[in-house]
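Enquirer: Single-letter residue listing:
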Amino acid sequence: MNKKVLLIEDEPNIIEAVSFILSRDGWDVKTHSNGHDAVDAVRNRTPDLIILDVMLPGKSGFDILKEIRSEQQFALTPVLMLTARGQVKDREMAEKAGASRYMTKPFSNAEVLDAVRSMVAQ
Amino acid sequence: MSESLMIGTRIRERRVINGLKQSDLARQVGISPSYLNLIEHNRRRIGGKTLIKLADALSVEPTLLSEGAEATLISALREAAGRADGHTAELDRTEEFAGRFPGWAHLLSSLNARVTDLERTVETLTDRLAHDPHLAASLHEVISTVTAIRSTSSILVETESLEPEWQNRFHRNINEESSRLAQGAEALVRYLEGAANSEAEIRSPQDEMVAFLGHHGFHFPQLEGTKDVTAIEAVLDQDTIMNSDVARRLTRDALVQYQADAWRLPLSEMLAKVAECGPDPEKISMAFDCDLPTVFRRLAALPADAIGAVGLLTCDAAGTLLFRKPLHGFAMPRDAGACALWPMFQVLGQPQVPVRVRLRQSGRGQNVVLALAVAEQVAPATFARPALMRGHMLLLPDADDDSEIPLRDVGASCRICPLRNCPARREPSIIMDGF
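Just so you know, the sequences run in chain order X and L. Residues 1 to 122, numbered by our numbering, are exactly what the first sequence covers, in order. Residues 1001 to 1435, numbered by our numbering, are exactly what the second sequence covers, in order.
Misleading hints may appear alongside valid ones.
If you want a taste of the chain X side facing chain L, the calculated C-beta under 8 Å gives, among others [said to hold, decoys possible]:
#: 1; residue: N13
#: 2; residue: E16
#: 3; residue: F20
#: 4; residue: A84
#: 5; residue: F107
#: 6; residue: S108
#: 7; residue: N109
#: 8; residue: L113
What the hints contain is simulated information worked out from the structure, not anything from laboratory work. Keep in mind it's a predicted model, so treat the numbers as computed, not measured. In this text, a Cβ means the ideal position worked out from N, Cα and C, and glycines have one as well.
Could you build all of it, start to finish, from the sequences and the hints given here?
Expert: What follows is the structure, encoded as structure tokens:
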């Protein structure tokens, strides 16, 4: 069975492009585009990997990540954080909140693929 | 110690400052030395005539003795003392300080006010960059669209045999995102342009002078054909642009020069000559038997509707720009750090050889302007120091018949110059390798 990835991101065209490359790479891609109920989406989908944008409408990616990590079931789920800001402070915040990896926009498709492949043994 | 009791102390201090003996002062005022001694030790209240006589003999205002320095000054000094890091001000002697050195005290208090102002400005600017919501939102928008475009376009390029429906979809997405990107970029540019005009802008005295002169179009009818120096003060009195005294002093010097130049080359004769032969410094110089630097300054001071666009730059031998009248399309740094290839620096090495060359400034627009450079000796050589030189560079729009004049590629300043392999480069460009 294909590994499940949940992409939480609010830009429709980024969603489309990233979903496309991940699907072509053999992933089962689900997407979610707001912060309010992102944690519910994680619970419902039980993904093998989460790609999480920091700037989301409703709730920040850092807060969502903290909530995800507080649930035992997802304590170890790999999470790739996406952010538009390369500041050291953001990276530290991401690590503190429990991100497995951190990637700054604009990224290349190859970078995304490399990252998700290395985070989940397929 | 209460205010009134301090009167005696102030009298004593003043007397000591003035180098008077107690007995001498007492005699001048017509009281006994022992009575004065009691007053000075705050053991007798005084007022009225005696106070006025004492103040007179000590050459101070009576209020300075009776009230000391003003309360506002005292509180300003206390405030200044509050910022002391490492240095402890003698707070208990603040009033004494203000009374004895009113000039220094006022200076200290106004410097403190200035420092506070500047700190606020720096804070505002730092805040604006770090936390400005508009800037952050615009940047986020731009980065999001760039991310979508980058990802989508590489799918289009890298995916072999992409189905037509996907192809169409991704093409449409790129189109959508690129128009969003254009809007985002535009918003950023608008923001950055607006930022430069905001009131918190930090300006050097020279910037203030240029702003003032620019406001008047670099032309002052009141200073034409007169040797009356009060005309200069009248122009300065109407100023609402300059904040610093340094700027006003610089501007006064510039206006003194203006007046002298205008006397040497009267407006009506200049206008007639320019109408006849164009803004040709050489012909004007010969016609009026006048040196080139004066002609340069005069051309830059003519009303724009009579002569069109004229730029002028003046530097000293250290390369610092002392005067600049901007010319649209030719970028100039604010004070130092101009392009070493500019001919105004070249003429400092060969003061007797004026240079005429067309300049093509690299970067935006690639405008060509005509530059005429000449050196001027502003102080003669002595055995103690060399002659002091200045370089002047007149800038005119490039005309069609200038095409036989040699063309030189130059920059504005290294930081923003994209010229490659330039031997004159002294620091890396911030735009050369980034894009």
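Enquirer: Hint by hint, which ones does the structure fall short of?
Expert: 8
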